[in-house]
Amino acid sequence: MATEGGGKEMNEIKTQFTTREGLYKLLPHSEYSRPNRVPFNSQGSNPVRVSFVNLNDQSGNGDRLCFNVGRELYFYIYKGVRKRQPVVLQIKSQIYSSLLKKKAADLSKPIDKRIYKGTQPTCHDFNHLTATAESVSLLVGFSAGQVQLIDPIKKETSKLFNEENSCQHLWKVDWNEERENEGSKTSEEALVTVQRLIDKSRVTCVRWVPGSESLFLVAHSSGSTYLYNVEHACGTTAPHYQLLKQGESFAVHTCKSKSTRNPLLKWTVGEGALNEFAFSPDGKFLACVSQDGFLRVFNFDSVELHGTMKSYFGGLLCVCWSPDGKYIVTGGEDDLVTVWSFVDCRVIARGHGHKSWVSVVAFDPYTTSVEESDPMEFSGSDEDFQDLLHFGRDRANSTQSRLSKRNSTESRPVSVTYRFGSVGQDTQLCLWDLTEDILFPHQPLSRARTHTNVMNATSPPAGSTGNSVPTAGNAAPPPLPRSNSLPHSAGSGAGGKGGVADGAVASGVSKFATLSLHDRKDRHHEKDHKRNHSMGHISSKSSDKLNLVTKARTDPAKTLGTPLCPRMEDVPLLEPLVCKKIAHERLTVLVFLEDCVVTACQEGFVCTWGRPGKVPAEPFSCSQEGRMQGVLQDQD
Amino acid sequence: MEILMTVSKFASICTMGANASALEKEIGPEQFPVNEHYFGLVNFGNTCYCNSVLQALYFCRPFREKVLAYKSQPRKKESLLTCLADLFHSIATQKKKVGVIPPKKFITRLRKENELFDNYMQQDAHEFLNYLLNTIADILQEERKQEKQNGRLPNGNIDSENNSTADPTWVHEIFQGTLTNETRCLTCETISSKDEDFLDLSVDVEQNTSITHCLRGFSNTETLCSEYKYYCEECRSKQEAHKRMKVKKLPMILALHLKRFKYMDQLHRYTKLSYRVVFPLELRLFNTSGDATNPDRMYDLVAVVVHCGSGPNRGHYIAIVKSHDFWLLFDDDIVEKIDAQAIEEFYGLTSDISKNSESGYILFYQSRD
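Sequences listed follow chains A and B, in order.
Reading the first sequence from the start, the letters are residues 1 to 636 in full-length UniProt numbering.
Reading the second sequence from the start, the letters are residues 1 to 369 in full-length UniProt numbering.
Keep in mind the hints are simulated off the structure, nothing from the lab.
Note that beta-carbon positions come from the ideal geometry of N, C-alpha and C, so glycine has one too.
Careful: at least some of the hints might be erroneous.
Said to hold, decoys possible - So, partial list: chain B residues that the calculated Cβ filter (under 7 Å) puts toward chain A:
| no. | residue |
| --- | --- |
| 1 | T212 |
| 2 | H213 |
| 3 | V278 |
| 4 | E282 |
| 5 | L283 |
| 6 | R284 |
| 7 | D291 |
| 8 | A292 |
| 9 | T350 |
What the hints assert, rightly or not - With a straight-line Cα cutoff of 30 Å, these simulated DSBU-like cross-link-like pairs (lysine-lysine) come out:
| no. | chain 1 | residue 1 | chain 2 | residue 2 |
| --- | --- | --- | --- | --- |
| 10 | A | K581 | B | K355 |
| 11 | B | K66 | B | K145 |
| 12 | B | K259 | A | K580 |
| 13 | B | K76 | B | K104 |
| 14 | B | K229 | B | K194 |
| 15 | B | K322 | A | K558 |
| 16 | A | K581 | B | K262 |
| 17 | B | K355 | A | K14 |
| 18 | A | K581 | B | K243 |
| 19 | A | K580 | B | K243 |
| 20 | A | K14 | B | K262 |
| 21 | B | K262 | A | K580 |
| 22 | B | K322 | A | K14 |
| 23 | B | K194 | A | K200 |
| 24 | A | K200 | B | K322 |
| 25 | B | K355 | A | K580 |
| 26 | A | K558 | B | K249 |
| 27 | B | K145 | A | K558 |
| 28 | A | K200 | B | K95 |
| 29 | A | K117 | A | K154 |
| 30 | B | K259 | A | K581 |
| 31 | B | K337 | A | K117 |
Given only the sequences and the hints, what does the whole structure look like? Please build it.
In structure tokens:
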């Protein structure tokens, strides 16, 4: 019956797929889900989300993941692909199970698990700066508007926001000890339904402010976003707001009170729910997507609107930045992914591949590359690959240096390729390549388009900033022109004068990205201070950045044909290089990690896809084969 | 049977009193739109298919305005249209802002005019919508013809009389769009295109898709072969051909019918496809033809007829409508204000096991310009 209804569309769920760089394979032993697979109605519950953190504990097993399903929240050790995880449940032998007991406990049992009453977790975020083997700071947003700060390692609930009367004493905390019987002992936390003075609507997105140990931003379905500091209290009275800055379609208020209290700032952006926001890789800009179909990009510190974009139609549901901060990709209810240039403030491409709404978009920093267009050069051994990807661990910063890097001094054109992925309510995963011909349309079409193999790129010297080496002619677009004729359009590939100039620009842009973790930390301590105690750096004048383009925005219906929302025929339409149905339920998570891709669906299954050459079961032969397929694919 | 029904009707009207004032309170006196009335419709025994469509049409503003304008014209012989006009007029002129109205005259007339609806069975809301719109169009065309024959129109000559049936009425002005049917003969490559008008589009549904995808599917190229070969005028014989239908003229109100009832050959009955098909509040069409006059029209969702249950001849229909800036749910005599986010509940089910769902069945999108 079911098959008949769906016809040919009821195609099988894929467990592997091949791209040019090779074979991606689902790792069945690395699947995470709620331990008790009780019948679960995914209808009407909040999207499953996954957050990762690395504890920097030298053990090599420092990855942790957190995910929410229904009213539950889980915290696990994340194995990824690094070690083959035996499925102990199926191994009856006592010797084996005793030998593997420790490992088994990791996967089959969460480190921490919480069940909430009266409210559901909707989103969460780890603080990557403060994470240690002993303690992590995890923010959790809830369907009724609260935000909780918990430490799933210490098993503490340290703070609660937007839930006054500080009713923490009412919480029943009962941690699951080393019990065999899963689920019988859990921490049940009743978030008592008292007045929430700041915002009663669902939390849609929560994130730590990049580089900060104490500031975080919380978006709600009401359309408001609040800046909190974990050190401050929320107060027992409703906050009084004072207008700080107002612009077309947004307003920012400070909280007026004698003592500093939360929220520090209230951002009101657009109409309807603010569905997701994302900080730029340097932490300076904030991209927000709303139910009203607009992407709005702000300078976070100065509260200035940098640019806007309108969906073709319907709400925008997700947003992400390219690793170098030059492009933003959104996904939404028009079933499209839209690529927007941060520098030019315009749509440069749309992509059609999904059969329903796009729920997550994410760049793959490890497959975003600069490379030569000679397909025959397969220099990449697994070691090279490892090296290449290794130092990209920390927030994809290395990608930037690779991007601005020239890997050959020959006159052969170099191809810049950004890889991004998207998952949607259609249960499909799509992968997209953003190639030179799309990024720089005035350039003669480069055949490099079909060769995205990361192995092809030679590894740049570690630690290189890219400043000294002139990059390829078109590795980075100059940030100035809004005109369509890019100055470097002619004479591409010649590493001449223009190339040097562009290289300088690129390294300028990339400067932040090559900062080490320590640099970031130090710098942001200072920043924290500034953000907490003075708003003086925010000019209260109406934003002068609001140019004519943003004014035309007022009537969304009239945006069509303007740079805010070009007609379909006026921008390139991308096709996905991979478009596979990979789940039964709608997909809600897509994360690109160093050696794997992580997806999750509404049913709460968190799946790991080993990257080419990273599948432990068939160490080399498989990936080799994958690559060969990739090559063959390139020929047609 | 009759008595029982009356009792339950009475009971529901009584509870309705409380509900109605609750609705008024929820919206608030300040926010309550001026000159707007939210009235539930009494169910006369499985007439929810009719109630839900009437409510949806009432909140298609251009349609409501034309019906009310018709009411203000000189009195005419009773027809389905006069009954509809009386009903709409009665809602629009109520002293109270919320309440319940029995659409008795309309239902009686409907049952009298069409034996299909002359029973207490659950009917297909889409079939009813089709019947209603076509009947109104016929009535209007007939009236126009009469007027011409009576010489009321000065230039009522024979020529225009012949054309009168093709004259668009306001039903056509509101709901009619044009499809262009392109057929390309695979032998001689000749493309022939034929236009046809529509009052609504019926689209096939698939699991975990969007209405956008279903509309794309509607315009997918299909190959005519074997027994379905196409007679090519050029080749003067039956040939294999590619056929596709694209929207050439976009209507003011785009009514989309989701084909959720599928005939199962082995079961000898219809079954419901409860697939989750999402529909956005804003919509543009991708499946327009190259020569379309208004391909970029932006549509806003204004009403949805929802089918609840597992099959066409059982279950229940309700309507969700947008009025001013909020959404209302009309369940026969019950009217509730709902959150726009609650519309999510009417997309359908992702699980194939259950056929029983509350899922969008007819979507009404109104053009923004």
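query = Which hints from the list above does the structure break, by number from lowest to highest?
reply = Hints 7, 8, 22, 23, 27 and 28 are the ones this structure does not satisfy, whereas the remaining hints hold.
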